[in-house]
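Keeping their order, the protein sequence lines are chains A and B. Per the numbering used here, the very first residue in the first sequence carries number 1; after that it's consecutive. Per the numbering used here, the very first residue in the second sequence carries number 1; after that it's consecutive.
Just so you know, not all the hints are guaranteed correct.
Pulled from the structure, derived: some chain B residues nowhere near chain A, Cβ distances all over 12 Å [what the hints assert, rightly or not]:
no.	residue
1	T34
2	A45
3	P200
4	N264
5	L270
6	Q279
Covered stretches of chain A (chain B as the covering partner; in silico rule of three or more C-beta atoms under 8 Å from a C-beta of chain B) [as the list claims (entries may be wrong)]:
no.	region
7	95-105
8	132-146
In silico lysine-lysine, BS3-like type, Cα no more than 25 Å apart, as pairs [claimed, not checked]:
no.	chain 1	residue 1	chain 2	residue 2
9	B	K178	B	K116
10	A	K178	A	K212
11	A	K113	B	K178
12	B	K116	B	K173
13	A	K178	B	K178
None of these hints come from the bench; they were simulated from the model. Bear in mind the structure is a predicted one, so any value in this text is a computation, not a measurement. Every residue, glycine too, gets a C-beta built ideally from N, C-alpha and C.
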Amino acid sequence: MTQTHVTSRGEVSIRDLSKSFSLNGRALKVLRNIDLDVASGQCIAIVGASGSGKTTLLRILAGLEAADSGDVLIDGAPIHGVGAERAVIFQEPRLLPWLTVMENVVFPLEIRKIAGDDSIKCAHRYLRLVGLTDFADAYPAQLSGGMAQRVGIARALAVQPELLLLDEPLGALDAMTKMTMQEELARIWAEEHVTMVLVTHDLEEAIYLADKVVILPRQKGSAIRTVEVDLPRPRDRSNPGFVSLRQSLLAEFGLH
Amino acid sequence: MAIVQSEQRDAYRRVQYEPSVSAALAGKTVKSLTRFGSRYGVLIAFLILWQIASRLGWLSPAVFPPLDAILTALWNGLAGGGLLDDIAISLQRAGIAFSAAVLVGIPLGLFMGQVKAVERSLDPILQLFRQTSALALYPVFILLLGLGEASKVFVIFWATLFPTLLATIGGVKQADPKLIEMARVYGASRLSIFRRVVLPGAVPSIFVGLRLSATTALLLLIAAEMIGANSGVGFQVMNAQYNFQIPLMFAAILLLAILGLGANYMLERLQGRLCRWNQLNR
Ligand SMILES: Nc1ncnc2c1ncn2[C@@H]1O[C@H](COP(=O)(O)OP(=O)(O)OP(=O)(O)O)[C@@H](O)[C@H]1O
Ligand SMILES: [Mg+2]
Numbered sequence: 001m002t003q004t005h006v007t008s009r010g011e012v013s014i015r016d017l018s019k020s021f022s023l024n025g026r027a028l029k030v031l032r033n034i035d036l037d038v039a040s041g042q043c044i045a046i047v048g049a050s051g052s053g054k055t056t057l058l059r060i061l062a063g064l065e066a067a068d069s070g071d072v073l074i075d076g077a078p079i080h081g082v083g084a085e086r087a088v089i090f091q092e093p094r095l096l097p098w099l100t101v102m103e104n105v106v107f108p109l110e111i112r113k114i115a116g117d118d119s120i121k122c123a124h125r126y127l128r129l130v131g132l133t134d135f136a137d138a139y140p141a142q143l144s145g146g147m148a149q150r151v152g153i154a155r156a157l158a159v160q161p162e163l164l165l166l167d168e169p170l171g172a173l174d175a176m177t178k179m180t181m182q183e184e185l186a187r188i189w190a191e192e193h194v195t196m197v198l199v200t201h202d203l204e205e206a207i208y209l210a211d212k213v214v215i216l217p218r219q220k221g222s223a224i225r226t227v228e229v230d231l232p233r234p235r236d237r238s239n240p241g242f243v244s245l246r247q248s249l250l251a252e253f254g255l256h
Numbered sequence: 001m002a003i004v005q006s007e008q009r010d011a012y013r014r015v016q017y018e019p020s021v022s023a024a025l026a027g028k029t030v031k032s033l034t035r036f037g038s039r040y041g042v043l044i045a046f047l048i049l050w051q052i053a054s055r056l057g058w059l060s061p062a063v064f065p066p067l068d069a070i071l072t073a074l075w076n077g078l079a080g081g082g083l084l085d086d087i088a089i090s091l092q093r094a095g096i097a098f099s100a101a102v103l104v105g106i107p108l109g110l111f112m113g114q115v116k117a118v119e120r121s122l123d124p125i126l127q128l129f130r131q132t133s134a135l136a137l138y139p140v141f142i143l144l145l146g147l148g149e150a151s152k153v154f155v156i157f158w159a160t161l162f163p164t165l166l167a168t169i170g171g172v173k174q175a176d177p178k179l180i181e182m183a184r185v186y187g188a189s190r191l192s193i194f195r196r197v198v199l200p201g202a203v204p205s206i207f208v209g210l211r212l213s214a215t216t217a218l219l220l221l222i223a224a225e226m227i228g229a230n231s232g233v234g235f236q237v238m239n240a241q242y243n244f245q246i247p248l249m250f251a252a253i254l255l256l257a258i259l260g261l262g263a264n265y266m267l268e269r270l271q272g273r274l275c276r277w278n279q280l281n282r
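From just these sequences and the hints, can you work out the full model?
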């Protein structure tokens, strides 16, 4: 596999996207007229109250859910279902328990019929990236939660996606592991030049990782707000700019 | 901090044990002996008690012959070849029925578990069949297939089919939708999702069914041989009792127990091989 980093890869544009679910016979408007652009190689964070439709938006981007109306374009082309240029990291690791760590990372490559040697090499590379080379032969049941999630990350990266979709990937981890993993994600993002869309409810995580933070409104119908994060990388959580941005985002949610 | 503590503990242990290697070895032997004792102690005590009770006349030796008499009867039966023929015919009946049940039950179960409409429409009749005792149907099978081998094998097959079939359906149906979705994200087709996600996930459940089926096969084998046969280990139990050859009767019972243990052991080994990952979760 050759890795070329053409600049217009993983570019996302969402135009006038709406989605509703039917709940007990009533239509529940979840997303209304969303417009959003993500430049190639950018990392954006989507935050919002519980039930504001973050997961729904991400699932539409992944191709797991269809929008009612509007367009989702990736590199200028509308999406039809799932696609090889996208990978998803879920809140849970979703590892196949009967496969070893190595086999789990190779799994999507096998699905995509990438030759055995190449896939092993590739899997090794990403296991090293997440620091789990020593656990290649372990089974998921033998891993800690944080380690399992790292395997999930390695698996998603191994398919070398242009667009990486993350739905609260660190939500289930303890505070310490979480901070370590945030640093790791920042490093991986910088190394892999991948476009990332990160759903999170952790504002600090959003500011730590993202170029811009998108806030889904609580009241359906009001527009989404976008906040640019103009801080030097690697980010410093104690930087005054970081702290004040966090304060102002908290204020958006009526918290102080 | 926890790591440091456990490392300290390990170091402490090493210091404690290293001075005497032989003591460590003795400790190991004692440990494995205790493990053996705690596992088989009660069984051994039971056998010894049987032997003593029978020899000393606490139990009527006519009904509960001493173990050595039973083992002698077993040896004579095996050496004389009479019991060997019975074992062969019994194994053949149970084996054919069990194999047929597996060959029908697993594929059918996989299919029914995958296709909701089929499962929904077949489930009621399956439940009816399952709840109807196979032995109650034995006369029907005899009417249809005659008194020969066919009806015996069929009644065993019938009873053996359901545990495997239902466990397979269950295993397929409880496939984790989150894992399926993960596979979908990576572009897996319906077939690869089935092959790589649903099927491996169903294997432990299928094995539960297989072991239940094996037990059922032996149970029905014995019943069928007691009801209408003139050969087989089950027949020998009845026949020996009828002829008042009580040690031989117990020898045949012992054989049946050994057959059951053997079948279970083999399935357990196979399961251990195929589902190592599942044992880790316990
Ligand atoms: N498959 C579905 N059927 C019906 N309603 C759904 C479905 N999926 C989501 N919803 C509804 O859509 C709304 C948004 O859900 P979503 O999961 O996108 O929220 P979220 O922003 O990710 O919330 P959280 O922060 O709690 O994860 C919720 O009100 C939910 O009830
Ligand atoms: Mg969500």
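What's the verdict on A:K178 and A:K212, does the C-alpha distance respect the 25 Å limit or exceed it? Within the cut-off at roughly 20 Å; holds.
For the pair supplied as a hint, A:K113 and B:K178, is the alpha-carbon distance within the 25 Å limit? Within the cut-off at roughly 22 Å; holds.
Given pair status - B:K116, B:K178, alpha carbons within 25 Å: Holds: B:K178 and B:K116 sit about 18 Å apart, inside 25 Å.
Report holds if the minimum CB distance from B:T34 to chain A is greater than 12 Å, and violated otherwise. 28 Å, holds
Taking C-beta pairs only, is B:Q279 more than 12 Å away from all of chain A? Since the minimum Cβ distance to chain A is about 9 Å, B:Q279 lies within 12 Å and the statement is violated.
Interface exclusion of B:A45 relative to chain A, criterion Cβ beyond 12 Å: 37 Å, holds
Within the assertion that chain B covers the region 95-105 of chain A, do at least three residues meet a Cβ-to-Cβ distance smaller than 8 Å? Three-residue rule met by the region 95-105 of chain A, so holds; n is 4.
What's the verdict on A:K178 and B:K178, does the C-alpha distance respect the 25 Å limit or exceed it? Roughly 23 Å between the alpha carbons, so the hint for A:K178 and B:K178 holds.
Counting residues of the region 132-146 of chain A whose CB is closer than 8 Å to a CB in chain B, do you get three or more? n = 4 at 8 Å, threshold three: holds.
Quick one: work out the minimum CB distance from B:P200 to chain A and report holds if it exceeds 12 Å, violated otherwise. For B:P200, whose nearest Cβ neighbour in chain A is about 5 Å away, the distance does not exceed 12 Å, so it is violated.
Compute the least Cβ-Cβ separation between B:N264 and chain A, then decide whether it is above 12 Å. 23 Å, holds
Given as non-interface: B:L270, which should sit over 12 Å from chain A by C-beta: 15 Å, holds
Checked against the numbered hints given earlier, this structure breaks hints 3, 6; the rest are met.
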